[in-house]
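Engineer: Sequence:
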Amino acid sequence: MFRFYRTMATSTVVGALACQRNSFLTSFTTTVVSCEANKEPETSKDKQNKNKKKASSKEPVYAVELKDTILFPEGGGQPYDTGSIVLPDSTKVSVSKVVREGVTALHITPTAIEPGTNVSLEIDWDRRLDHMQQHTGQHLLSAVLDSYNIETLGWSLGEKMNYVELPMKVSDDIVEEVSRKVNDYIFKAIPIQVVTPDQHGGELDISHIPDDYDLSKGVVRVIKIGDLDANPCCGTHLTSTSQILAMCLLHQTNIRGGNSRLHFCCGHRVAKLATESSAILKNAGALLSSQPDEITSKIELLNSNYKKANSIVSSLLKEIAAGEAKRIYDSFKSGSQVEYAIREDENPEYIALLQKQLLTLINQDKGAGVDLNTSNTVVFINGEPKESTKGMVKIMGPQAQTISAELKARLSKLAGGGKGAMFQGKLTGLGKRELDSVTEYLEKLKLGT
3 MFRFYRTMAT
13 STVVGALACQ
23 RNSFLTSFTT
33 TVVSCEANKE
43 PETSKDKQNK
53 NKKKASSKEP
63 VYAVELKDTI
73 LFPEGGGQPY
83 DTGSIVLPDS
93 TKVSVSKVVR
103 EGVTALHITP
113 TAIEPGTNVS
123 LEIDWDRRLD
133 HMQQHTGQHL
143 LSAVLDSYNI
153 ETLGWSLGEK
163 MNYVELPMKV
173 SDDIVEEVSR
183 KVNDYIFKAI
193 PIQVVTPDQH
203 GGELDISHIP
213 DDYDLSKGVV
223 RVIKIGDLDA
233 NPCCGTHLTS
243 TSQILAMCLL
253 HQTNIRGGNS
263 RLHFCCGHRV
273 AKLATESSAI
283 LKNAGALLSS
293 QPDEITSKIE
303 LLNSNYKKAN
313 SIVSSLLKEI
323 AAGEAKRIYD
333 SFKSGSQVEY
343 AIREDENPEY
353 IALLQKQLLT
363 LINQDKGAGV
373 DLNTSNTVVF
383 INGEPKESTK
393 GMVKIMGPQA
403 QTISAELKAR
413 LSKLAGGGKG
423 AMFQGKLTGL
433 GKRELDSVTE
443 YLEKLKLGT
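Going by the numbering used here, the letters in the sequence shown line up with residues 3 to 451, in that order.
Don't read these hints as lab results, they were simulated from the structure. The C-beta atom is built at its ideal place from N, Cα and C for all residues, glycine as well. One thing to keep in mind: the hints can contain errors.
Taking lysine-lysine and the DSSO-like style, the derived pairs with C-alpha atoms no more than 30 Å apart in a straight line are [claimed, not checked]:
1) 358 to 428
2) 388 to 428
3) 320 to 310
4) 309 to 274
5) 392 to 415
6) 328 to 284
7) 388 to 320
8) 392 to 358
9) 320 to 162
10) 309 to 320
11) 284 to 310
12) 320 to 358
13) 421 to 434
14) 69 to 41
15) 190 to 226
16) 99 to 226
Pairwise CB distance ranges (calculated) [as the list claims (entries may be wrong)]:
17) 242 to 304: 28 to 38 Å
18) 150 to 241: 39 to 49 Å
19) 420 to 281: 50 to 60 Å
20) 218 to 169: 29 to 39 Å
21) 161 to 92: 30 to 40 Å
22) 253 to 315: 25 to 35 Å
23) 435 to 98: 29 to 39 Å
24) 31 to 174: 22 to 32 Å
25) 304 to 420: 35 to 45 Å
26) 261 to 434: 50 to 60 Å
27) 270 to 426: 52 to 62 Å
28) 445 to 420: 19 to 29 Å
29) 434 to 310: 30 to 40 Å
Could you build all of it, start to finish, from the sequences and the hints given here?
Structural biologist: This is the structure in structure tokens:
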């Protein structure tokens with residue numbers, strides 16, 4: 003039976019962890035201070051998704067507190083590290099995440115570890131280095147944007163790309179200038195250092211420090227990029243801008259209140275993006291039978307031809323709908339009480355055109371005695387005969403409710419409703435036998451047999 007207790011030792015506060023003192027440590031020896039079962043504090047992403055039901059884990063988890071750690075707990079916009087806690091017998095216990103609770107770092111593991119145990123730590127270095135390249139890159143990008151009086155309102159480190167949120171959309175010319183300056187600073191290998199407020203020698207903006215971080219117990223760190231930038235941050239950072247390797251500024255997306263998100267990626271992600279983009283261009287070129295530099299003009303031509311083809315199709319649909327509406331109208335004038343039109347495709351435009359054309363004919367000659375409220379009923383159906391379709395059924399006329407009830411009995415995936423002389427429903431599936439059955443029923447109804 004696992005006992006819950008802690009040693010007399012105290013853990014290093016977040017802000018002064020080994021990973022923050024030296025962000026390039028990949029292994030470390032430390033001691034377990036406490037271990038608590040079934041305790042998994044929320045990450046910032048969990049807190050942002052409070053309305054989403056959290057999936058309950060069938061397997062127990064443990065929150066392990068260490069005397070010190072090289073595994074960074076989520077903070078400053080930087081995700082947590084992953085890695086392993088290696089026991090004295092060389093057993094490796096995986097660390098799925100590291101979270102901050104107040105000023106304490108807690109390592110989430112699937113296995114309990116006895117407090118007082120001396121352990122060693124291993125880090126997923128590729129993940130850490132990637133996070134540092136993106137995070138330090140963001141500091142540098144924001145510093146350059148500041149020189150244009152463009153404030154960074156927030157940022158996000160994503161799995162493939164990141165973004166900084168800005169108070170405006172930035173012109174393409176400025177984005178190009180910023181990109182050039184950022185990459186120049188990367189090339190110049192500007193030193194990056196971490197200092198404390200006393201060493202910083204200036205006023206600090208601590209407005210972004212989390213409310214649950216006790217400043218009286220913790221440590222405020224300032225990340226300085228030469229003389230370019232100095233900002234409080236708890237994250238792990240590179241020691242030179244050259245380690246960012248490169249930065250690629252991507253597209254912008256407009257969001258609330260006129261703000262804009264400028265997307266970017268840094269480090270090894272830039273080379274990966276270039277490789278993936280090259281593969282996409284190669285595949286697109288093969289599909290279009292063109293060289294990469296011809297793809298844009300080829301797509302423009304295809305788009306133009308597509309619009310022309312759509313215009314032709316629309317005109318043909320109008321002609322077909324006009325002819326079908328005339329047939330139905332003449333049938334009503336000849337004494338038929340029920341008529342129908344079935345089209346085996348998923349385009350709702352045809353039914354809309356057909357309905358409009360039919361109503362136009364009826365309204366143009368009210369003396370003909372055709373009335374979809376009192377005497378005549380028309381049924382429109384469209385949808386491809388297949389297991390999953392996007393079709394519809396529309397019925398107008400005094401027999402709408404009787405016919406819709408019969409169609410629901412014959413069409414298993416018809417859902418909809420209405421009242422009086424109107425019914426409208428959606429088809430999410432249509433079997434060939436079902437369609438044949440409905441056609442046979444409507445034909446008999448039309449003939450009055």
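Engineer: Work down the list of hints and note, for each, if the structure agrees.
Structural biologist: Now the hints, each set against the structure:
1. For a cut-off of 30 Å, the pair hint linking residue 358 to residue 428 stands: about 20 Å separates their Cα positions.
2. Of the pairs offered as hints, the one joining residue 388 and residue 428 holds, with about 14 Å between alpha carbons and a cut-off of 30 Å not exceeded.
3. Of the supplied pair hints, the one linking residue 320 and residue 310 holds, its CA atoms being roughly 16 Å apart against a limit of 30 Å.
4. At roughly 35 Å between alpha-carbon atoms, residue 309 and residue 274 are farther apart than 30 Å, so this suggested pair is violated.
5. Pair hint residue 392 plus residue 415 holds up; C-alpha atoms about 11 Å apart against a cutoff of 30 Å.
6. Among the hinted pairs, residue 328 with residue 284 is inconsistent with the structure: their alpha-carbon atoms are about 51 Å apart, more than 30 Å.
7. For the proposed pair residue 388 and residue 320, the alpha carbon gap of about 26 Å is at most 30 Å, so the pair holds.
8. Under the criterion of a C-alpha separation no larger than 30 Å, the hint pairing residue 392 with residue 358 is consistent with the structure, at around 21 Å.
9. For the hint pairing residue 320 with residue 162, the CA-to-CA distance comes to about 47 Å; that exceeds 30 Å, so the pair is violated.
10. Among the hinted pairs, residue 309 with residue 320 is consistent with the structure: their alpha-carbon atoms are about 17 Å apart, no more than 30 Å.
11. Proximity of residue 284 to residue 310 is assessed by CA-CA distance (about 28 Å); at most 30 Å being required, the pair is judged to hold.
12. With a CA separation close to 10 Å, the supplied pair residue 320 and residue 358 stays within the 30 Å bound.
13. Annotation: proposed proximity of residue 421 to residue 434 holds, straight-line Cα distance about 28 Å (limit 30 Å).
14. Restraint check for residue 69 and residue 41: satisfied, since their Cα atoms lie roughly 18 Å apart, inside the 30 Å limit.
15. A C-alpha spacing of about 15 Å is found between residue 190 and residue 226, which places the hinted pair at or below 30 Å, so the restraint holds.
16. Between the alpha carbons of residue 99 and residue 226 the distance comes to roughly 28 Å, so the proposed pair stays at or under 30 Å and holds.
17. Here the CB-CB span from residue 242 to residue 304 is close to 47 Å, at odds with the stated 28 to 38 Å.
18. A hinted range of 39 to 49 Å is violated for the C-beta pair residue 150 and residue 241, which are about 27 Å apart.
19. Between residue 420 and residue 281 the Cβ separation comes to about 51 Å, which falls inside the hinted range of 50 to 60 Å.
20. The hinted range of 29 to 39 Å is satisfied by residue 218 and residue 169, whose Cβ atoms lie roughly 34 Å apart.
21. Between residue 161 and residue 92 the C-beta distance comes to about 32 Å, which sits within the given range of 30 to 40 Å.
22. A beta carbon spacing of about 32 Å between residue 253 and residue 315 agrees with the range 25 to 35 Å that was offered as a hint.
23. For residue 435 and residue 98, the Cβ-Cβ distance of about 52 Å falls outside the hinted range of 29 to 39 Å, so the restraint is violated.
24. Taking the beta carbon of each, residue 31 and residue 174 are about 52 Å apart, not inside 22 to 32 Å as hinted.
25. For residue 304 paired with residue 420, a C-beta distance near 42 Å keeps the hint of 35 to 45 Å intact.
26. One distance hint, 50 to 60 Å for the beta-carbon pair residue 261 and residue 434, holds here, with the actual separation near 52 Å.
27. At roughly 55 Å, the beta carbons of residue 270 and residue 426 sit within the given window of 52 to 62 Å.
28. The hinted range of 19 to 29 Å is satisfied by residue 445 and residue 420, whose Cβ atoms lie roughly 23 Å apart.
29. The supplied range of 30 to 40 Å is met by residue 434 and residue 310, whose beta-carbon atoms lie about 34 Å from each other.
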